[in-house]
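Novice: Full structure from sequences and hints, please.
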Amino acid sequence: HPYFGYIRMVDALAEAGHLVNHKKVWRLMKDLKIQSVIRRKRRTSNYTPSVVYPNRLKRKFHATAP
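Taking my numbering, I'd label the letters of the sequence shown as residues 407 to 472.
Just so you know, these hints were derived from the structure itself, not from any lab. C-beta: ideal position from N, C-alpha, C; glycine also. Any given hint might turn out to be false.
Said to hold, decoys possible - Each pair of labels, with its calculated beta carbon distance range:
1. 425 - 462: 51 to 59 angstroms
2. 460 - 426: 52 to 60 angstroms
3. 414 - 449: 20 to 28 angstroms
Specialist: Put into structure tokens, the structure is as follows:
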């Protein structure tokens, strides 16, 4: 999987029943030039106004017990 780094690769291998040291996986991925794709961070835009929903509760409730 392109998003798997060596740590997630070790977890996937362990889930499949193959116990491998993380340093061995890192070394193999380095030798085979397998690099994970870094996901981009999603940024919020200040240009689009956020939707403000009406406050329907308006704090009109009382707890009878904790």
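Novice: Among the hints numbered above, which are violated by the structure, and what are their numbers in rising order?
Specialist: none
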